[in-house]
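Novice: Residue numbers (my numbering), protein chains in the order written: chain G, 283 to 768; chain P, 283 to 768.
Treat the hints loosely; a few may be bogus.
Since copy identity is lost for identical chains, a pair holds within one copy or between any two.
To be verified - Calculated cross-link-like contacts (lysine-lysine; reagent style DSSO-like; alpha-carbon spacing at most 27 Å): (1) Lys-377 - Lys-450; (2) Lys-515 - Lys-644; (3) Lys-601 - Lys-644; (4) Lys-515 - Lys-601; (5) Lys-377 - Lys-495; (6) Lys-691 - Lys-450; (7) Lys-495 - Lys-440; (8) Lys-515 - Lys-495; (9) Lys-644 - Lys-671; (10) Lys-515 - Lys-671; (11) Lys-450 - Lys-440; (12) Lys-322 - Lys-644; (13) Lys-440 - Lys-644; (14) Lys-604 - Lys-515.
For the record, the hints were derived by calculation from the structure and aren't laboratory data.
Number of protein chains: 2
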Amino acid sequence: MNPSRHDLIRALQAFLPDEAILADEEALRPYECDGLSAFKQLPLLVAMPETVAQVQQVMRICHQFQVPVVARGAGTGLSAGALPHSGGVLLSLAKFNRILDIDVQACTARVQPGVRNLAISQAVVPYGLFYAPDPSSQVACSIGGNVAENSGGVHCLKYGLTVHNVLKLEVITAEGELLTIGSDALDSPGYDLLALIHGSEGMLGIVVEVTVKLLPLPEAVRVLLVAFDSVEKAGQAVGDIIAAGIVPAGLEMMDNPAIRAAEDFAHAGYPTDAAAILLCEIDGGLDEVASQVARVRGVLMQSDATEVRLAVEESDRQKLWKGRKSAFPAIGRLSPDYYCMDGTIPRKALPQVLHQISELSKEFNLPVANVFHAGDGNLHPLILYDAGKPGELHRAEQLGGRILELCVKVGGTITGEHGVGVEKLDQMCVQFAPLELAQFHAIKAAFDPEGLLNPGKAVPELHRCAELGAMHVHQGQLAHPELERF
Amino acid sequence: MNPSRHDLIRALQAFLPDEAILADEEALRPYECDGLSAFKQLPLLVAMPETVAQVQQVMRICHQFQVPVVARGAGTGLSAGALPHSGGVLLSLAKFNRILDIDVQACTARVQPGVRNLAISQAVVPYGLFYAPDPSSQVACSIGGNVAENSGGVHCLKYGLTVHNVLKLEVITAEGELLTIGSDALDSPGYDLLALIHGSEGMLGIVVEVTVKLLPLPEAVRVLLVAFDSVEKAGQAVGDIIAAGIVPAGLEMMDNPAIRAAEDFAHAGYPTDAAAILLCEIDGGLDEVASQVARVRGVLMQSDATEVRLAVEESDRQKLWKGRKSAFPAIGRLSPDYYCMDGTIPRKALPQVLHQISELSKEFNLPVANVFHAGDGNLHPLILYDAGKPGELHRAEQLGGRILELCVKVGGTITGEHGVGVEKLDQMCVQFAPLELAQFHAIKAAFDPEGLLNPGKAVPELHRCAELGAMHVHQGQLAHPELERF
Chain G
283 MNPSRHDLIR
293 ALQAFLPDEA
303 ILADEEALRP
313 YECDGLSAFK
323 QLPLLVAMPE
333 TVAQVQQVMR
343 ICHQFQVPVV
353 ARGAGTGLSA
363 GALPHSGGVL
373 LSLAKFNRIL
383 DIDVQACTAR
393 VQPGVRNLAI
403 SQAVVPYGLF
413 YAPDPSSQVA
423 CSIGGNVAEN
433 SGGVHCLKYG
443 LTVHNVLKLE
453 VITAEGELLT
463 IGSDALDSPG
473 YDLLALIHGS
483 EGMLGIVVEV
493 TVKLLPLPEA
503 VRVLLVAFDS
513 VEKAGQAVGD
523 IIAAGIVPAG
533 LEMMDNPAIR
543 AAEDFAHAGY
553 PTDAAAILLC
563 EIDGGLDEVA
573 SQVARVRGVL
583 MQSDATEVRL
593 AVEESDRQKL
603 WKGRKSAFPA
613 IGRLSPDYYC
623 MDGTIPRKAL
633 PQVLHQISEL
643 SKEFNLPVAN
653 VFHAGDGNLH
663 PLILYDAGKP
673 GELHRAEQLG
683 GRILELCVKV
693 GGTITGEHGV
703 GVEKLDQMCV
713 QFAPLELAQF
723 HAIKAAFDPE
733 GLLNPGKAVP
743 ELHRCAELGA
753 MHVHQGQLAH
763 PELERF
Chain P
283 MNPSRHDLIR
293 ALQAFLPDEA
303 ILADEEALRP
313 YECDGLSAFK
323 QLPLLVAMPE
333 TVAQVQQVMR
343 ICHQFQVPVV
353 ARGAGTGLSA
363 GALPHSGGVL
373 LSLAKFNRIL
383 DIDVQACTAR
393 VQPGVRNLAI
403 SQAVVPYGLF
413 YAPDPSSQVA
423 CSIGGNVAEN
433 SGGVHCLKYG
443 LTVHNVLKLE
453 VITAEGELLT
463 IGSDALDSPG
473 YDLLALIHGS
483 EGMLGIVVEV
493 TVKLLPLPEA
503 VRVLLVAFDS
513 VEKAGQAVGD
523 IIAAGIVPAG
533 LEMMDNPAIR
543 AAEDFAHAGY
553 PTDAAAILLC
563 EIDGGLDEVA
573 SQVARVRGVL
583 MQSDATEVRL
593 AVEESDRQKL
603 WKGRKSAFPA
613 IGRLSPDYYC
623 MDGTIPRKAL
633 PQVLHQISEL
643 SKEFNLPVAN
653 VFHAGDGNLH
663 PLILYDAGKP
673 GELHRAEQLG
683 GRILELCVKV
693 GGTITGEHGV
703 GVEKLDQMCV
713 QFAPLELAQF
723 HAIKAAFDPE
733 GLLNPGKAVP
743 ELHRCAELGA
753 MHVHQGQLAH
763 PELERF
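The following block holds chain G by itself, in its conformation from the complex (with noise of 0.2 Å):
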């Protein structure tokens, strides 16, 4: 143990308990990485505080000896933004899980930042109410880390990303000092620091409380399951249905490998012969949502679907999600080994972004599997590979920063919601010109100016994007850095 290791447990030992401090590598090693297992790395320790003054005496301590602190919530995140740093401190939030108020008149909740997504919906069914985005990994994430990720769901295309259904935060900063940010009205006056802090990935401060708006729950929902004989056909579809005026509550696309893993997974009924489905959720009042399904009917009566079936009762709905739910761990059992990405793009560009990427899977002779947020344009192509055939896991990386790439060209961008993290650094370099990404280090200073929280994530390094000669994209043209407009 070198002695600033010593010195600094020692330090954490004046305030918090010895079992809210790990040190030995036996403990660190669940915390070597998060989602995407691709990364790892011990931290220095672990540090696991319970209240909100331990936590700025941690950030304190850390101040003072000049160590990185990487926050952490539920570890589910899938860009490695939760990837410890060899020299700094892992402060995992876990024991933040209380629900500390439900304002029932109010339609909100007060929450610490270790609460999973699901706990809240499921705290506030008795009031009538639910917490509308809904990540795939809502039984497991936590709320914290949602803000960190600016986390989405199903359910977003009607119900807006996490920072649409956030009222306030509690935010410590690098030095240890409580930040208010936000207010429990509709809007507030300064900069908008509330939708700064969301998805900044644990680099501009460590969130400590939530207060999240809650919704009534609808009377009804109904889910239309609607087949297609091709891919462009499905994707046309999608901004059909939005054209006309309808907000599905959700609105997913599965193309044929996926409905095949999935039904072959969960039995949901899919037509497996299929190109593509579409699940089209609708809620609301009990008349509203009848008309609202009869004008899906109307528009998908001139898109050439195959089939259109619905699901009134809740068992048959609660199917057909089943297997969308399911589609990602179906899917694992058809290789040994996948990667899923995750782009958004213009909704009018699916058919032809479906269709190239379609392409590159020939190109790259990997398959590739679509199940995605379709009414957002959000993305997440699943690269089917094995990690064991040498070079497979490089071709797929390649196939991922191309499909990325792609993205960007037609008006895009290289995440939609599991942020970048480690994995997309470079496609950063892609996707902002010098100049933006001297613009985020300028933010980043503005709350961290020793650069200690997180280092290392979510904004590369103007010397990395310059090492890689990246192309920055601007608008649909390629253009090297050096012939910038600036």
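Chain P: place on chain G using the hints.
Specialist: Below, chain P without anything else, positioned relative to chain G:
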């Protein structure tokens, strides 16, 4: 003319035509104030560039001369955010008035910042689309100003504020660099600069292009007029409608002084004996609207309303809205002067706050009329006074300050949509703790380290708050800054 002003004009003349530089006092006069004429100041000169390159050059020259720059759209702002700087350039974006592109398939429009808010909706009517945020000043105000203030309007209850309806911005920095912020897709990686620019009151950059989201025009629109014999009952009904899971397109409230003034002016058919009325607009598909109207009626059955009237015909609907839209000028006829406040409160506090405002009105012996976005909890108390009577203006300002402090006390904020500008600098000391203000200054420095963009607006210097001895209110508790928990 002092030499530096002379040099500055010469430098601008190198690339701006003579008619794009205003320097005579007579020519400067129209720019001395915005919509809040209590604050007046002539600028050093006015520059009216016509191209993005010219804006970049103006900014580079001003940066070189270290001259402040205040951007101005249509000048309809109500918090003196566009008040000129005596030693600075007033940068008018009036010539940026072109709609550059309408993408019907993607439901977006690329527009220049000087385009009027209503002009966007008018341009896209042929495609069955509209731009949702609709401030009262929508005939005159510009989309660039809407971004600067993060404007709302009657329909932002359902469709969100400006920030929720903008996808992408082109922004010129204080040093004259061009940044692309946001993308054509739903979400972008990196820190949320798009939200940060919204509501930043021209302090972080100059917006030179805005990509807005367009929505399909609803098939049907209905308005309910609901009358009550007490303001508190009307406030309660607002909460009940929202709690029932109904999201009206707009939910506006007027109290008796406002009703009588508007009726006298616009002959909208309002019940002039009502203590308060609500205007509840429902839009969507035909059946859906019918169903929602029925549900609202159901809620109102329990609410002790004295009258519920449905406008189905477009002309009846327009008549009801005409009263609401002309309420401000109508009240202007009642009194030589009025002062329009803008605070936001949690919706559940409506009955209590409306009652306390009427108590304050008695205490200060000044009538207050209320016309506001009740669904959002966004209050607009209009304080009636006579500037000709000694002390009345001062009393009106004091009353206004007390009302805003009341908003903060119940967990609300000192502005909903009018911004802070110069008007509410002191109330910012009430809303925020010193550390929170310091964080705003750090953000400002990350964009504009030399403080050249709209100096002296929106975020007060810490010494101003200290000198003011302002009471910072946190979570309903008053606290002296020196007793803060930091």
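Novice: Now look at each hint and say whether the structure bears it out.
Specialist: Results for each hint:
For the identical chains of this complex, Lys-377 and Lys-450 are intra-copy neighbours only, at 20 Å inside a copy versus 39 Å across copies, given an alpha-carbon limit of 27 Å. For the identical chains of this complex, Lys-515 and Lys-644 are intra-copy neighbours only, at 21 Å inside a copy versus 66 Å across copies, given an alpha-carbon limit of 27 Å. With identical chains, the CA atoms of Lys-601 and Lys-644 are never at most 27 Å apart, being 33 Å at best within one copy and 62 Å at best between copies. In this assembly of identical chains, the alpha carbons of Lys-515 and Lys-601 lie at most 27 Å apart only when taken from the same copy (25 Å versus 45 Å across copies).
In this assembly of identical chains, the alpha carbons of Lys-377 and Lys-495 lie at most 27 Å apart only when taken from the same copy (23 Å versus 41 Å across copies). When the C-alpha separation of Lys-691 and Lys-450 is checked against a cutoff of 27 Å, the pair qualifies only between copies, where the shortest distance is 16 Å, while the shortest distance within a copy is 35 Å. In this assembly of identical chains, Lys-495 and Lys-440 lie within 27 Å of each other by CA distance both inside one copy and across copies; the values are 14 Å within and 15 Å between. In the homo-oligomer, the alpha carbons of Lys-515 and Lys-495 lie at most 27 Å apart only across protomers (24 Å), although the nearest pairing inside one protomer, at 37 Å, exceeds that limit.
In this assembly of identical chains, the alpha carbons of Lys-644 and Lys-671 lie at most 27 Å apart only when taken from the same copy (18 Å versus 82 Å across copies). In this assembly of identical chains, Lys-515 and Lys-671 lie within 27 Å of each other by CA distance neither inside one copy nor across copies; the values are 35 Å within and 71 Å between. Proximity of Lys-450 to Lys-440 under the C-alpha cut-off of 27 Å is found in both arrangements, the shortest distances being 21 Å within a copy and 20 Å between copies. Neither within a single protomer nor between protomers do Lys-322 and Lys-644 lie at most 27 Å apart by alpha-carbon distance, with minima of 31 Å and 67 Å respectively.
Taking the closest pair of Cα atoms, Lys-440 and Lys-644 never come within 27 Å of each other, the shortest separation being 35 Å inside a single copy and 45 Å across copies. Taking the shortest alpha-carbon separations for Lys-604 and Lys-515, only the intra-copy value of 24 Å comes in at or below 27 Å, while the best inter-copy value is 45 Å.
The structure is inconsistent with the numbered hints 3, 10, 12, 13, although it conforms to all the rest.
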